[in-house]
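Visitor: Since chain C is already given, all that's left is putting chain D on it; use the hints.
So the protein sequences, as listed, match chains C and D.
Just so we're aligned: the first sequence equals residues 0 to 304 in numbering that gives the first Met the number 0.
Just so we're aligned: the second sequence equals residues 0 to 154 in numbering that gives the first Met the number 0.
Certain hints may be false.
Claimed, not checked - Derived DSSO-like pairs (lysine-lysine); straight-line CA-CA distance at most 30 Å:
{"#": "1", "chain 1": "D", "residue 1": "Lys133", "chain 2": "C", "residue 2": "Lys161"}
{"#": "2", "chain 1": "D", "residue 1": "Lys107", "chain 2": "D", "residue 2": "Lys86"}
{"#": "3", "chain 1": "C", "residue 1": "Lys82", "chain 2": "D", "residue 2": "Lys107"}
Calculated from the structure, these hints are not laboratory results.
Predicted, not measured: the structure shown is a model, and the values here were computed from it.
Here is how the chains run, residue by residue.
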Amino acid sequence: MSNLKGRNLISITDFSKEEYIQVLDIAEDFEKNPKQPILSDKVVATLFFEPSTRTRLSFESAANQLGASVIGFSNPSATSMQKGESLHDTITMVSSYSDLIVMRNPKEGSSRYASEVATVPVINAGDGANQHPTQCMLDLYSIRKTQGTLDNLQIALVGDLKYGRTVHSLVQAMCNFNATFHLVSPIELKLPSSVKASIKEMGLKYYQYTDIKDIVPTADIIYMTRVQRERFPDPLEYERVKDSCILNAAMLNGCKPTMRVLHPLPRVNEIATDVDKTPYAYYFQQAQNGVYVRQALMAAILGAR
Amino acid sequence: MGNKKEILVSAIENGTVIDHIPTNATYQVIHILGLDKYEDQVLIGNNLDSQKYIRKGIVKIKNKYLTEEQLGMVALVAPTATVIFIKHFEVSRKVQVEIPDHVDNVIKCVNPACITNSEVIPTRFDVVDKRNLKLKCHYCEKITAKDSIKFTKDM
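For reference, chain C alone in the conformation it holds in the complex:
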């Protein structure tokens, strides 16, 4: 078993396959028994330089359930950053107030930089369109929990495969587990060729589609994503493609009984609400799993597990 104490988690590639599994195993234990005050002598700083609901609350809930004290901010306009303080200085200061920093910042690469400046470990809670590794780990946890394994699965990815960072990270991670990928997107939002190349490099297969119905019978997991307005430089392009990948309950006829629908949330209209009542909907449990995975990461990085 690896010792994760003191490690940073900035990019999904920072941890090995074995280390992911180790974190997922610890998370499983927290799911059974979430309230374990093993970090009661620790301070966790959550620095959110841009708005976030699920990620921030999930980290703070995880820290609270472990007994840690939480300091931080969810709005940089109330901080000295507004006065022009550099990220370097903010991180240096917060390092001296806390045992672990959780940071979201719209600047890409900011978390890597923060980890080089900080004297305490840093967990990346999203750096712009770059990485969001804890989302990926909770996706892995949800896949393993619903399928009983991570190996040899048929993974369908639907929606914005071009700009969706969760999709890119999930592909990267699932390449370690001999997955086959089924890619459903409008032509404008296809998976970037660099990500497809990484699938090929691992000797794995991917298939591309434009209609969700084509993947329903084969998929073990249908991973839906939101087509995000803010990722489009041209608003007209957004309007043209936003409704092209919508899943509803009727479309799930003929799917495998063990198939589950995942979504990193928030959803807009890409999963019709009638899917919520089917046994295939798993996205709300998926968000809940985020707490256990983040508990596991914080506990491991702070040396309590």
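Guide: Coordinates of chain D only, in the frame set by chain C:
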């Protein structure tokens, strides 16, 4: 032909000769090495005949020896270049430039949203494709390709 070349770009007693520069990169080499501000003699030849490449550029810098970092910079814009150090009209060292594995604090990240473009941070890149020259930013993980390389400063 050999004599004619000597007349075009005369020999130097001490300094560096950068030979076999692609003709479209000669002035870029001048720029990235900051030779437009160099106060000693700089001899520049471009579109000269070359047995190896048909046409080439050549730059001779009097009384200056390039550092290893500068050799790496030359390689980024002129990968075919040969660099010769001259001491007392004799060749003291001859190197074929090589694209380095890592490029630190030399080029800018192409990604406007990268943290290195908003805070004062030395850039760091891993060269992920030497043949087509692609560099991956250590921070934002985006690729800067050959055509979009911009240097952080004159050396």
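Visitor: So which hints don't hold here, by number, going up?
Guide: Those not satisfied come down to hint 2.
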